[in-house]
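Build the full structure now, drawing on both the sequences and the hints.
There are 2 protein chains.
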Amino acid sequence: MKIGIFGTGVVGQSIAVKLLEIGQDVMVGTREVAKTLARTEPDSYGRPPISALLKQHLGLKIGTFADAARHGEILINATNGMGSLEVLNLAGESHLKGKILIDIANPLDFSKGMPPSLFVCNTDSLGEQIQRHYPAVKVVKTLNTVTAGLMVDPRRLAGGEHHIFVSGDDQDARAQVTHYLTTWFGWKHIIDLGDITSARATEMYLPIWLRLYGALGTGMFNIQVTM
Amino acid sequence: MKIGIFGTGVVGQSIAVKLLEIGQDVMVGTREVAKTLARTEPDSYGRPPISALLKQHLGLKIGTFADAARHGEILINATNGMGSLEVLNLAGESHLKGKILIDIANPLDFSKGMPPSLFVCNTDSLGEQIQRHYPAVKVVKTLNTVTAGLMVDPRRLAGGEHHIFVSGDDQDARAQVTHYLTTWFGWKHIIDLGDITSARATEMYLPIWLRLYGALGTGMFNIQVTM
Numbered sequence: 000m001k002i003g004i005f006g007t008g009v010v011g012q013s014i015a016v017k018l019l020e021i022g023q024d025v026m027v028g029t030r031e032v033a034k035t036l037a038r039t040e041p042d043s044y045g046r047p048p049i050s051a052l053l054k055q056h057l058g059l060k061i062g063t064f065a066d067a068a069r070h071g072e073i074l075i076n077a078t079n080g081m082g083s084l085e086v087l088n089l090a091g092e093s094h095l096k097g098k099i100l101i102d103i104a105n106p107l108d109f110s111k112g113m114p115p116s117l118f119v120c121n122t123d124s125l126g127e128q129i130q131r132h133y134p135a136v137k138v139v140k141t142l143n144t145v146t147a148g149l150m151v152d153p154r155r156l157a158g159g160e161h162h163i164f165v166s167g168d169d170q171d172a173r174a175q176v177t178h179y180l181t182t183w184f185g186w187k188h189i190i191d192l193g194d195i196t197s198a199r200a201t202e203m204y205l206p207i208w209l210r211l212y213g214a215l216g217t218g219m220f221n222i223q224v225t226m
Numbered sequence: 000m001k002i003g004i005f006g007t008g009v010v011g012q013s014i015a016v017k018l019l020e021i022g023q024d025v026m027v028g029t030r031e032v033a034k035t036l037a038r039t040e041p042d043s044y045g046r047p048p049i050s051a052l053l054k055q056h057l058g059l060k061i062g063t064f065a066d067a068a069r070h071g072e073i074l075i076n077a078t079n080g081m082g083s084l085e086v087l088n089l090a091g092e093s094h095l096k097g098k099i100l101i102d103i104a105n106p107l108d109f110s111k112g113m114p115p116s117l118f119v120c121n122t123d124s125l126g127e128q129i130q131r132h133y134p135a136v137k138v139v140k141t142l143n144t145v146t147a148g149l150m151v152d153p154r155r156l157a158g159g160e161h162h163i164f165v166s167g168d169d170q171d172a173r174a175q176v177t178h179y180l181t182t183w184f185g186w187k188h189i190i191d192l193g194d195i196t197s198a199r200a201t202e203m204y205l206p207i208w209l210r211l212y213g214a215l216g217t218g219m220f221n222i223q224v225t226m
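Just so you know, the protein sequences line up as chains G and C, in that order.
So for the first sequence, numbering that gives the first Met the number 0 puts the first residue at 0; every next one is plus one.
So for the second sequence, numbering that gives the first Met the number 0 puts the first residue at 0; every next one is plus one.
Fair warning: there could be bad hints in the mix.
No copy is singled out in the list; a pair is fine if it fits within one copy or between any two copies.
Subject to a maximum C-alpha distance of 25 Å in a straight line, what follows is the list of computed SDA-like cross-link-like pairs (lysine to any residue) [as the list claims (entries may be wrong)]: (1) K34 - G218; (2) K60 - S13; (3) K54 - P41; (4) K98 - D24; (5) K1 - D152; (6) K111 - D191; (7) K1 - T196.
By construction, these hints were calculated from the structure, which means they are not laboratory data.
Here it is, written out as structure tokens:
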């Protein structure tokens with residue numbers, strides 16, 4: 000399947016590598032391809048630049064946001080939440096419409112110090128903002144409640160006995176994404192929270208995720224819903 | 000131990016009964032004692048009125064908010080979040096100061112339809128509002144992430160293998176409340192999230208709790224933090 004991923008950070012890279020490994024046709028989109036490829040230094044977390052990834056994974060394609068949007072039958076928003084709407088604008092509505100957009104971005108605002116606050120919450124969400132801007136796109140919010148390493152490999156933790164959530168207005172799109180979460184990444188427990196307004200719930204979960212990260216000293220955790 | 004509980008709703012009643020059962024000296028506080036006692040009908044959820052509870056539990060005391068505050072060496076805020084600051088004002092600062100206040104209230108705003116939104120969140124919380132209004136009170140936010148039946152009996156679910164959180168500026172108060180959660184109610188897994196600003200995190204967890212309640216069809220669930 001042709002998949003377009005917006006964003007070349009840790010989330011975009013983790014998902015790209017995993018999808019390549021299972022034989023998908025992946026293009027990552029970035030703002031300026033030449034500038035992204037010119038980076039040869041590790042990022043501030045010590046992660047190798049995307050140019051190193053492209054050498055390791057010869058099948059990986061890179062292009063502009065518009066290229067990636069054109070390429071993908073399914074699209075994945077792995078950008079910084081602050082930039083998501085601008086990135087989708089650069090991708091171009093004509094390349095987005097009718098497609099499923101898996102939205103992983105969180106509306107984190109780091110401008111007011113740590114831990115970050117949310118730039119939209121409570122009566123609205125980033126997922127809803129994207130859906131309102133692009134009504135012909137099938138936005139499905141998911142994976143935004145776990146660290147990148149777990150998104151693509153939930154069985155690294157407790158044999159996969161923990162939960163992930165999907166939110167979106169289109170029921171078939173939610174069902175398709177649920178299927179992809181299982182077949183691509185191995186998610187065993189996926190809870191359908193309903194329409195895209197429920198993206199408020201998973202985005203507002205971020206503050207407790209961040210506090211738990213502080214208390215536990217690792218991001219390699221998730222929640223199991225016990226009933 | 001003498002304990003004062005503000006609020007005679009399901010949370011206040013559940014905690015009062017449990018504390019009586021383990022031999023504590025409990026007074027519940029209400030706005031108008033005569034009016035509360037005059038209620039003989041079940042509430043809108045079909046729960047018996049507090050007058051029935053007082054007949055079943057002869058040791059249970061009832062008084063005004065000020066009476067309950069005066070009575071308690073430890074205080075518990077089990078009021079509706081919308082009314083919490085007013086209730087504490089009625090209780091009287093002189094009866095509150097120097098004491099631990101276990102704050103269970105959530106800032107739920109039902110005025111804008113269902114599911115409710117929060118009337119304070121993101122860069123502030125109800126826990127912080129209470130702490131700012133009463134700097135001489137040791138506010139510890141906890142138990143606000145589970146339904147009343149689980150607050151006082153976590154072993155009803157998965158043998159107690161799930162988590163609760165404490166937030167508060169006073170480290171000794173957090174440690175004391177952690178001890179009470181274990182000895183009074185049987186909580187096995189308590190995560191210390193740090194200062195009272197972390198009440199934002201557990202209060203902002205409410206939206207996902209409400210969506211899960213909708214998706215699962217029961218409030219008898221909790222999260223286990225898996226790492």
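Going down the list of hints, with the structure as the test:
Taking the closest pair of Cα atoms, K34 and G218 never come within 25 Å of each other, the shortest separation being 30 Å inside a single copy and 51 Å across copies. Proximity of K60 and S13 under a CA criterion of 25 Å is satisfied intra-copy only: 14 Å inside one chain copy versus 59 Å between copies. In the homo-oligomer, the alpha carbons of K54 and P41 lie at most 25 Å apart inside one protomer (15 Å), although the nearest pairing across protomers, at 70 Å, exceeds that limit. In this homomeric assembly, K98 and D24 come within 25 Å of each other (Cα to Cα) only inside a single copy, at 16 Å, whereas the closest approach across copies is 62 Å.
In the homo-oligomer, the alpha carbons of K1 and D152 lie at most 25 Å apart inside one protomer (21 Å), although the nearest pairing across protomers, at 50 Å, exceeds that limit. In the homo-oligomer, the alpha carbons of K111 and D191 lie at most 25 Å apart only across protomers (24 Å), although the nearest pairing inside one protomer, at 33 Å, exceeds that limit. Taking identical chains as interchangeable, the C-alpha atoms of K1 and T196 are never at most 25 Å apart, the minima being 28 Å within one chain and 44 Å between chains.
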